[in-house]
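Asker: Top to bottom, those sequences are chains H and X.
Residues in the first sequence are numbered consecutively from 1, following the working numbering.
Residues in the second sequence are numbered consecutively from 1001, following the working numbering.
Note that these hints are calculated values from the structure, not bench results.
Predicted model, so just to flag it, every value in this text is computed and none were measured.
Virtual Cβ for every residue (Gly too), placed ideally from N, Cα, C.
Wrong hints could be hidden among the right ones.
[What the hints assert, rightly or not] Computed beta-carbon distance windows for the label pairs:
#1 VAL35(H) to PRO1485(X): 33 to 43 Å
#2 ILE1457(X) to ALA81(H): 53 to 63 Å
#3 PHE43(H) to LEU1486(X): 23 to 33 Å
#4 GLY142(H) to GLY1196(X): 29 to 39 Å
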Amino acid sequence: MPGRRAGIAFALAILALAALVAVEATRIPHSAYAVVGPRFFPFAVAGLLGLLGLLLLLQALAGGLLPADFAGEPFDRRAVAWVGLGLFLNVALIQSLGFVLASSLLFLCVARGFGSTRPIRHAALGFLLATLVFLGFSRLLGVRFGGGLVEGLLGAGA
Amino acid sequence: METLAALGQGFLVALQPTNPMWGFVGVTLGTFVGVLPGLGPALTIALLLPITYTVDATAAFILFVGIYYGAMYGGSTTSILLNTPGESATIVTALEGHRMALAGRAGPALATAAIGSFVAGTIGTLGLTFLAPTVVELALAFGPADYFSSMVLAFVTVSATLGSRPLRGLAALAFGIWLGLVGVDLQTGQARFTFGLLELLDGINVIVVCVGLFAVGETLWLAHRASLRRASIVPVRGSLWLSGEDWRRSWPAWLRGALIGFPIGALPAGGAEVPTFLSYWLERRLARRPQEFGRGAIEGVAGPEAANNASAAGVLVPMLTLGLPTSATAAIVLSAFQGYGINPGPLLMESQPQLVWGLIAGLYIANLLLLALNLPLVGLWVRVRAIPQPLLYAGILVFATVGTYGISQSPIDLVLLYAIGLLGFLMRLFDVPTAPVIIGTIPGPLAEQELRRALTIAKGDPTVLLTRPLSATLLALALTALLVPLLWRRLVRAGLRRG
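Same shape as in the complex, but just chain H (with noise of 0.2 Å):
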């Protein structure tokens, strides 16, 4: 059963978190004068959590750890593929092109992603709102997005 074997995944990442945090814990150095010190806490964080994942571990191999069930209907892989590129163009062309052109390509990506079929229309839209956004927030909440080449136009850069 594949959900079964999804739900020990689910469980061992969350022990796999656990001792991250116990890991990172030991780095944290010690500090003579308090008498409970910054390790402390994150030390019972990290046993909380590795708590919780051996109960889950215990809940997935009992096959109670099943992931959300869609009666067959296929991982629509299209659509994420879409969303996640947006997310990395944006992530990677922000700082280069500017919030303004990043954040368009974005849109127009995640619209795709949704089946939008009318890719010249949605990248004007999506242009026109990150712009309008980008004026918004550095004028009126005095937001600051860096510079860029639309930003720069606009008067309004770093």
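Given chain H, put chain X in place with the hints provided.
Answerer: Same frame as chain H, now just chain X:
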């Protein structure tokens, strides 16, 4: 009397020139995001946290509580007309409300939800007005150990008792607490869990966590199965108005719902689902025609909707008097307080009376505005759902970028945002509740501080948690809240096997 005078002052603050404008913006925005699927008040307030840099505190909180109340009105509209409850607290509304809509009675369902929300919201706000000063007096006697134990109680009830998946809820909570620990330890100045990244020294911004889980996670979740992206709206036909019989059946349900919702919300345990389910159960019990339940009984909309709104007001009691948030939205509002350098707690009403009473007066005003805004304009709000999904979710992710990149201009925060978003998606896939993460991230570090303070005072003796009567009681309650549902489930299962 003192309370009334303070409330009067609060109204003066809330009615100052620009504040009603902020309230209006808040309720409009709140209803808007409430109607939209997957966008909750917690996410909206998180995205608007940057305004705390430029706008004064009273105005910001009037805006935030407007969003908080507004999202609930909008959420019930969605439940009734689409049968897609925006949040777990409106699941019950959908049960009867959507049936009513399918039977051509969408108008009365929306009306009883809106008027009931108003009545119960007002009762709840009155409860908050008069209960909060009393709780403050009690809370002044709280020591660090008592604080820590009350937080443990809230953590347990919010993540384990109230959800259907106690282990997963607790795991989400523990993960959230860990996220909250990242950064420099305030007491000793040691860096924790920063993995050598300078960006993480200040900690993981709560905006990143909230937006990642709720905006990015939700978008990926909807993307991954085509059937999740389909929804059909039941058109509103006929009169919006309640008939005489509808009124007679609704008003006792509103009052009962409010009386159930407020006290449960005000407990330092929180959760809006329990009062709505209780109210539904009670209305079904008391109904003259229980056979109508499941086919669109108006009491089944009126009671739970009232319970939901009254409990939302109740949640503000522990939040304002103890600094103890018991919902994701309350946790985000708490972080907004922290952004202003204010720590909610028993001293808050003394030190910031203008702010607290202005906020409470803002709640009364928000309720009134919502009643006026929602009922006549319901057709307009439904049209919000006509925004094509590709544009809606594309837009949401652009706003998510603004909310995170805009605070730091650091691509690391964006990477973190997307990583947490991916995690939110996986959590949804495995039916892990996401709200406990937020509840762990924000009050988690506070719980650590209180625990260390308590242990320091006791010279490292951990029994201090059990020797103080209040703390011991709270911990005993937490243990009960953890174990009773487990035993209960086991008993039910054993009973089923035998029967």
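Asker: None of the hints should be skipped; say for each whether it holds.
Answerer: Consistency of the hints with the structure:
1. VAL35(H) to PRO1485(X): 33 to 43 Å: Given about 36 Å between the Cβ atoms, the range holds.
2. ILE1457(X) to ALA81(H): 53 to 63 Å: Since ILE1457(X) and ALA81(H) have Cβ atoms about 55 Å apart, the given range 53 to 63 Å holds.
3. PHE43(H) to LEU1486(X): 23 to 33 Å: 26 Å Cβ-Cβ, so the 23 to 33 Å window holds.
4. GLY142(H) to GLY1196(X): 29 to 39 Å: holds (31 Å)
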